[in-house]
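Peer 1: Sequence lines, in order, name chains A, B and C.
Counting with this note's numbering, you get residues 1 to 207 for the letters of the first sequence.
Counting with this note's numbering, you get residues 1 to 231 for the letters of the second sequence.
Counting with this note's numbering, you get residues 1 to 224 for the letters of the third sequence.
Be a bit skeptical, because a hint or two may be false.
Here's a subset of chain A near chain C, in silico, CB distances under 7 Å, partners left out [said to hold, decoys possible]:
no.	residue
1	F70
2	L101
3	I105
4	I106
5	K108
6	L115
7	S119
8	Y123
9	Y158
10	Y189
Calculated directly from the structure, the hints in this document are not laboratory data.
For glycine and all other residues, C-beta sits at the position ideal for the given N, C-alpha and C.
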Amino acid sequence: MLLANNISFYRNNNIIFKDVSLALPPQKIINITGANGIGKTTLLKILTHVLIPKKGNIFWNGKNIKKNLFNYYKDVTFVMDKQTSNINLSVIENIFFWKKLFSSIISKKEIDAILDLLSLDNYRNTPINYLSNGEIKKLELTRLVIERKKLWMLDEPYIGLDIETINLLNETFINHTKSGGMIIFSSHYVPDIPNIENLQLENYAQR
Amino acid sequence: MKFLINPNRFNQISNIMLTPLIILSVIALTTGLVFAFYLSPNDYQQGSTVRIMYVHVPSAWLALLTFFIMTVYSIIGLAFKTPFSFIVNAAVAPIGATFTLICLITGSLWGKPMWGTWWVWDARLTSVAILFMLYLIIIFLKNSFTNDSLGEKITAIFIIVGSINLPIIKFSVDWWNTLHQPASISKLSSPSIDPSMMRPLIIMTIAFTLIALIIAIIRIKAEISERKLKN
Amino acid sequence: MHSVNPILALFYRELKISYRNFSDILSILMFFLLGILIFVFSIGPNTEIFNEIGIGVIWTLILLSNNLSLRKFYQNDFNDGSIILLHMSGLSYELIVLIKIMIIWIFLQLPFFIIIPLAAILLNIELPNVNLILISFLIGSPILTSIASISGSMNLLNQRNFAIGSVIIMILSIPIIIFSVGIINASEEIVRAQLQILIGILFFFLAITPWVSAACIKLAIQNK
């Protein structure tokens with residue numbers, strides 16, 4: 001269960017948002033919506049403790065994440081708006097790097113299946129800089145499955161994806177929530193998934 | 001002591017303090033100059049050139065003092081997130097740089113008649129030159145970032161790193177000097193100094209410190225108002 | 001310990017990237033050799049002068065080559081956000097800094113052990129002196145890498161003044177140059193003292209660099 005209490009964030013003394021509170025129990029999805037520049041990415045970064053809020057606390061399973069940061073990180077996958085795959089490595093090398101980095105127990109067969117599903121199997125040994133933006137994004141999303149964490153945080157996951165992959169992603173989300181996972185993501189597009197709740201960040205902005 | 005970290009309190013205190021400080025510094029400077037030019041003897045070796053010392057030594061003192069103050073404020077600023085620390089750093093760095101430059105120039109002016117050249121790789125002068133470059137880096141580094149609040153924090157970290165490196169650099173330059181040069185070159189300020197020269201030196205040091213303080217106060221006030229305007 | 005895997009993963013990845021970009025390392029070595037060549041051209045092929053200033057020339061060029069590694073530390077990982085990923089895998093920023101220093105030292109400084117004797121031959125430096133250079137380089141090079149790490153992390157978001165990073169490296173490297181080059185033409189006792197001082201500086205920098213660099217990285221991440 002992820003709890004956030006009265007989070008306020010300032011940038012250069014300008015209020016971005018004020019007193020945002022949210023609760024994310026298992027099997028639930030939160031979709032952060034709002035116009036550009038409203039602070040969706042900022043909120044996600046605060047929830048992952050990449051940015052530190054001016055006020056407010058975040059609790060994971062009842063513990064303040066500030067004091068239990070690495071325990072919290074053991075349960076979080078964060079897919080940023082940036083593509084963290086390394087351009088000097090090939091697709092499969094990036095995947096194996098993530099697997100090792102997060103001590104994942106995912107098997108080679110499963111990796112093959114994911115690549116097949118995302119139609120990336122032809123690019124296994126292709127360096128990242130030869131891939132299209134959508135394909136790099138798809139590769140980034142494989143981290144969700146590789147890391148096998150409970151809480152997924154995604155920044156604009158739908159951008160750059162084709163309809164097929166969007167459906168696949170929605171399916172993955174549904175499966176994840178069914179198995180007790182939680183998801184929080186930011187998007188302008190509201191997908192048709194059960195148990196989804198919209199968090200309109202406009203309501204917290206100081207105008 | 002709250003005025004040392006609170007901009008509003010600082011403004012209040014400095015408004016009261018500024019006029020007496022100016023009067024004091026004028027008195028100190030005039031007596032200092034009178035002592036330096038008329039009431040102190042010529043050096044038996046250096047002649048009248050020794051009077052450069054009355055500018056040189058106070059500048060050197062201020063160059064170091066400013067760096068020390070900046071280090072203290074950097075530590076406070078990073079540890080307690082007080083914005084005033086960065087205001088002080090921004091306001092004070094050019095003052096320190098200027099006094100370091102004065103110290104260098106007067107040293108070189110003194111060197112010409114004494115050593116016959118404008119520049120000698122004397123350990124002390126070299127260290128001051130390095131200190132001057134540290135000041136320049138501090139000023140440049142702060143302006144290198146498009147994000148001001150990041151720039152001043154990174155600069156504060158550099159100031160701390162620089163200040164713990166300063167003794168190492170000083171030590172190494174001294175070491176280098178003893179390796180490469182015989183100790184025949186006379187030092188700018190010899191350790192034994194006659195009381196008749198000590199008096200103007202002390203008065204001038206006080207006068208210079210007061211002047212630096214006044215400039216610092218004015219610059220800090222300007223910096224505070226500038227930031228208030230920006231927000 | 002749960003954080004062994006991420007360390008190995010990072011190490012392995014950096015190894016692969018460095019291997020892929022091997023021409024980059026060779027270019028730095030070439031920069032070093034070309035620098036020697038240019039020194040020779042500007043001074044003239046005078047063996048006696050070389051013997052006197054050769055070690056200074058070599059160390060100066062090591063320092064200049066070190067400047068080239070400045071952007072290799074954190075810039076890429078910072079720009080694509082993977083440094084946050086590394087952090088989320090359970091590595092503290094301090095640890096990431098230490099690993100990076102180690103990797104950069106292995107890939108960008110160790111090759112100099114091969115190239116320095118070559119440069120020494122070109123400059124007609126006597127064999128005992130070559131040994132001295134190598135010993136001082138062994139101690140001095142991790143210090144240079146630490147300084148480059150500090151400078152690299154400070155300038156992550158510096159978009160206006162690229163040269164200041166190199167300037168910071170240069171000014172912090174002054175003691176290393178002095179104590180490394182000073183061992184030549186010195187008596188045995190002084191050589192030992194200088195090496196000990198150098199080791200002291202090494203430990204000092206190894207102690208402060210992780211904290212300083214990590215603080216700068218955290219600041220950069222929070223202000224992006």
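Peer 1: Now look at each hint and say whether the structure bears it out.
Peer 2: These are the hints, each one checked on the structure:
no., hint, verdict
1, F70, "holds (5 Å)"
2, L101, "holds (4 Å)"
3, I105, "violated (11 Å)"
4, I106, "violated (13 Å)"
5, K108, "violated (17 Å)"
6, L115, "violated (19 Å)"
7, S119, "violated (24 Å)"
8, Y123, "violated (17 Å)"
9, Y158, "violated (19 Å)"
10, Y189, "violated (22 Å)"
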